[in-house]
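Chemist: The residues making up each chain are set out below.
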Amino acid sequence: MKNVCQYWIFTLLFCSSVFQSTAQEGILLEAEGFLFPGGWVVDPQFVQQMGSPYLMAHGMGQPVDPARTEVEINESGTYHFWARTKNWAPGNWSPPGQFLLTVNDAALSDTLGRNPGWGWAYAGKAKLSTGTATLELIDLTGFNGRCDAIFLSQGEVPPPGYGKKLAEWRRQMHQEPLAPESEKSYDLVVTGGGIAGCAAAIGAAEQGLKVALIHDRPVLGGNASSEIRVHTLGIYGKFERILRLLDTEHYPNGSAEAKKDQEKRDKNVKAYKNIDLFLNWRAYDAASEDSTIQYVDARHTATNERMRFRAPLFVDATGDGWIGYWAGAAYSYGRESVHKYDEEWDEWGELWSPEEADNFVMGSSILWQTHEGEEATDFPQQPWAKVVARTHEATAGEWYWEFSRNDLHQIEDGEEIRDHLLKAIYGSFANAKALPENSHYQLTWVSYLLGKRESRRLLGDHIFTFQDVVNNTPFPDSVVMEDRAVDVHYQRNLRHEEKPDFLSEALFYRTGRYYIPYRSLYSRNIDNLFMAGRCFSCSHIGLGGPRVMRTTGQMGAAVGHAAALCIKHEVKPRAIYTDHLEELWGLIESQQWTRP
Amino acid sequence: MGLNRIAAMDKALIFFLVYCLLWPGVFLAPDPLPVAMHTSMPEAFEGIRSTEEAFSVFDPQHELEHPVQLCRDADGAPRLYYADVQTPVCIDGICKPVRIAIYWNLLGAYIGYGLYEGDPLTKYDHDLFEEADYQKLHQLLLNKNAVFRRKKLSDLFDPNAEPEKQVTYKGEEVDAVSGATKKAIRDAVVEGALYSCYTIWQLVHGTADDSIKVALPNLWDEAMQQRFLYSDRADYQFYALKQLRDSDYATYSTRLLQLFTGSSPLFRTKMLKQLPDRYWAEELWQEKLYGSFGQLDVNSRTLLITGLEKAGEGSALRLLPHYHLMTQNQLKAYLSFWEDRKLPADVANQLTEASHNRNYPYAYLIERFLEVQKTP
Chain H
1 MKNVCQYWIF
11 TLLFCSSVFQ
21 STAQEGILLE
31 AEGFLFPGGW
41 VVDPQFVQQM
51 GSPYLMAHGM
61 GQPVDPARTE
71 VEINESGTYH
81 FWARTKNWAP
91 GNWSPPGQFL
101 LTVNDAALSD
111 TLGRNPGWGW
121 AYAGKAKLST
131 GTATLELIDL
141 TGFNGRCDAI
151 FLSQGEVPPP
161 GYGKKLAEWR
171 RQMHQEPLAP
181 ESEKSYDLVV
191 TGGGIAGCAA
201 AIGAAEQGLK
211 VALIHDRPVL
221 GGNASSEIRV
231 HTLGIYGKFE
241 RILRLLDTEH
251 YPNGSAEAKK
261 DQEKRDKNVK
271 AYKNIDLFLN
281 WRAYDAASED
291 STIQYVDARH
301 TATNERMRFR
311 APLFVDATGD
321 GWIGYWAGAA
331 YSYGRESVHK
341 YDEEWDEWGE
351 LWSPEEADNF
361 VMGSSILWQT
371 HEGEEATDFP
381 QQPWAKVVAR
391 THEATAGEWY
401 WEFSRNDLHQ
411 IEDGEEIRDH
421 LLKAIYGSFA
431 NAKALPENSH
441 YQLTWVSYLL
451 GKRESRRLLG
461 DHIFTFQDVV
471 NNTPFPDSVV
481 MEDRAVDVHY
491 QRNLRHEEKP
501 DFLSEALFYR
511 TGRYYIPYRS
521 LYSRNIDNLF
531 MAGRCFSCSH
541 IGLGGPRVMR
551 TTGQMGAAVG
561 HAAALCIKHE
571 VKPRAIYTDH
581 LEELWGLIES
591 QQWTRP
Chain E
1 MGLNRIAAMD
11 KALIFFLVYC
21 LLWPGVFLAP
31 DPLPVAMHTS
41 MPEAFEGIRS
51 TEEAFSVFDP
61 QHELEHPVQL
71 CRDADGAPRL
81 YYADVQTPVC
91 IDGICKPVRI
101 AIYWNLLGAY
111 IGYGLYEGDP
121 LTKYDHDLFE
131 EADYQKLHQL
141 LLNKNAVFRR
151 KKLSDLFDPN
161 AEPEKQVTYK
171 GEEVDAVSGA
181 TKKAIRDAVV
191 EGALYSCYTI
201 WQLVHGTADD
211 SIKVALPNLW
221 DEAMQQRFLY
231 SDRADYQFYA
241 LKQLRDSDYA
251 TYSTRLLQLF
261 TGSSPLFRTK
271 MLKQLPDRYW
281 AEELWQEKLY
291 GSFGQLDVNS
301 RTLLITGLEK
311 AGEGSALRLL
321 PHYHLMTQNQ
331 LKAYLSFWED
341 RKLPADVANQ
351 LTEASHNRNY
361 PYAYLIERFL
371 EVQKTP
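Residue numbers (the working numbering), protein chains in the order written: chain H, 1 to 596; chain E, 1 to 376.
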């Protein structure tokens, strides 16, 4: 709340000092900064693609409460209003995410959420007097209407629609200097508060490091959080004590039981005094000089406040390998040719690993949940959902609700992937609801956050592959261990064209215990960067087994301890392998039963 | 040896040779195969004329070796493998023999089983299998991921044994894929014949599959290439596709292009990914591949669009009427093909028309593209 107030004051000062003198230039209001978001949720997942966090009316078919904010008007007159929005399911039907903008309780003329692709949609005009004006977003459908920003101006020219021009205009409107407003320094900066990031922060904090943990959501856990609800799998390895602070019970994926583990996890991480937790902060840049990261820049997902985080060491636990990507770390994306690392499994051939490399990686999931209520309810079929679900019926989701396609990138096209899964869910549920036996089913929860399986993989000194699994290769630096089958997915419609395109099949290669070396957990070319989580150094098939969250948690805990030794000896991550491996082993062994 | 005796032998030999010519089966198929009672690949059994021992499968449960025969047709072409299996099936220390012929195709996939005269299958209580039981056994054997996979005999028979990796939360089984339950096993096997089903399934899905696959490259020749490619079986077609050499695409162009439209997305995408560059540039291939764009799955369409750099402007023109079928990213890739080229007038006109199509959700991207193109 403190941050919201600060931003409001900042916005007022900003608007009055900059724009009121030349009202023609207009006022830009970021929707995620609205004072009262009502039933709208802040979605920061696609900032790197469409430019900003946005507000979304995620009501599962029931219109959500209005989002409201206030703006100080210094010059009375007629103002034109635009909303940056999009029709997320364009087609020959009424768009699903429609909403209105009201100004001082009067709705403007044009319904919003109808334009295909992110852009400025004209909302109408209103006469405003000097003083405070109230704006509200009125959701009309409950089906994921979205608003990035509102622009009002006495001029009639909308802002630039997209691309670099828009980004530049936005920077100018916000009068942002190049560097963030404030700066902090730590021993270790961990970006990404999934299980791997949390474990890294704890591992380092217990060894006395001052740690920043930056996470773009209000709760910790990533895919295991109560917002995504995948249960944690895998073994604990050497880090049972730490991982039990963070993991989940084995409830069904999507279960509301995830909330209990959420409370446990948040409480446990917050108990560490030397972890500074930056919830709702999303990193947007990392700069390196001479192959060394100097800082990570992050922005608050609602207030847009910016912060620069400096440290001698960084952990990329973002899943998508963003820190490494920005800093220029070597990375891979896609499925390697089966021959590259000798990863053939004859039984499944091309579905397992292709002869020709491609970008057709495992997909992302959206979990959802229903319950049987006391009374019968309707959930009408929507044409934009029907085209995806077709005749598929379902009253529950699971891990195999997964979407990947060879023209889609799991990061760059994340919003389209998420939206496709929403259509699949709403459409399949409506099909099921058309049957009398399902009349009492109601949607209780549908995630709006993508649970990703695979995206960028940062390359370390060792690339973990299928051969390391098959051979159960013991490494001198085996800091992570796992027994779980290699578990690689493919889309069902590849083999059977008539199958829904949003369902996957899993292939399990079972083997004995295998090990991940420490050398797969630091970058080969950025010398102060660790990675933990699914962006660790591995091949597509190598990722298949250890991508589950106790295993990624082991990675995090291991690099947390390695970071402590780096600080102690004033060395970079690679030197722990070359010069201090015995000491790392000792530290890992001794931490197992200590109490923080 | 007297002359008379030699003459008598000659007569017998001549008689035998004539007999063999008239009845070649007698000579070439000394031990005819039992009838395949249940098979998913009847064509493999046509014209079998000879068998030869290829390898053995080892049954660790009973420590028995079973020779596996490679069956060839009259032309000497390999057609299938079979094993005459005699194995004990034991319950509580009491064993009874089971005899069954198991058939695999040339890729090691189970394709059927047969029975020997006088050796019907029986259940625990000695009742004979009924027709429905034989059908169910066939279905069980067809499933290489059946509930028996990685199960030990003791897992099935120990009344106290828990299913492997069964995962429960608050008393409910959570992971349908984690482990087979006893109910799943009961549902999959012939009632009263669990032991027989288990034993036969383990033999069918033991080591034969690998041995057969290892042998295939040594048997492979032009005739097999053709037979596989013209087979109706997807696994044969796919194997043949993977073996194609550069020149084979010309030899088999008709069949390959027929399979391209008639086969699965997996086949199509594999074919496009491995198609040598020179065929992308050939009119026949362009016409058939790009001409079928409207009938194809989304992933194959993507590969055709990304293949335009090899196929050229003629193929891009062929796709233009299908723009409304393209996904957002496919359209972007399609437009980027034209980005650095001088836009022919008819392409510009058609794109302009497309940019006004209110039924196509990504028409706005075409509009943006045309705007940029106009900018000097």
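In short, the hints are calculated from the structure, not lab data. Computed from a predicted structure; not experimentally measured. Just so you know, even glycine gets a beta-carbon here, dropped at the ideal spot from N, CA and C. It cannot be assumed that every hint is accurate.
Calculated lysine-lysine pairs in the DSSO-like style (CA-CA distance at most 30 Å, straight line) [as the list claims (entries may be wrong)]:
1) H:165 - E:332
2) E:144 - E:213
3) H:210 - H:568
4) E:144 - H:499
5) H:340 - E:374
6) H:386 - E:332
7) E:242 - H:340
8) E:273 - H:164
9) E:151 - E:242
10) E:342 - H:164
11) E:288 - H:164
12) H:165 - E:342
13) E:151 - E:123
14) H:499 - E:152
15) E:242 - H:499
16) E:332 - H:499
17) E:96 - H:340
18) E:288 - H:499
19) E:342 - E:374
20) E:144 - E:96
21) H:340 - E:213
22) E:342 - H:340
23) E:374 - H:165
24) H:499 - E:136
25) H:210 - H:165
Label-pair restraints from in silico Cβ distances [said to hold, decoys possible]:
26) E:358 - H:344: 47 to 53 Å
27) E:219 - H:383: 50 to 56 Å
28) H:592 - E:88: 46 to 52 Å
What the simulated footprint calls covered on chain E by chain H, stretch by stretch (three residues with Cβ under 8 Å from a Cβ of chain H suffice, anywhere in the stretch; the number is not a length) [said to hold, decoys possible]:
29) 188 to 199
30) 266 to 272
31) 287 to 301
32) 351 to 362
Chemist: Are any of the numbered hints broken by this structure? If so, which, sorted upward?
Modeler: 5, 8, 9, 11, 14, 17, 22, 25, 29
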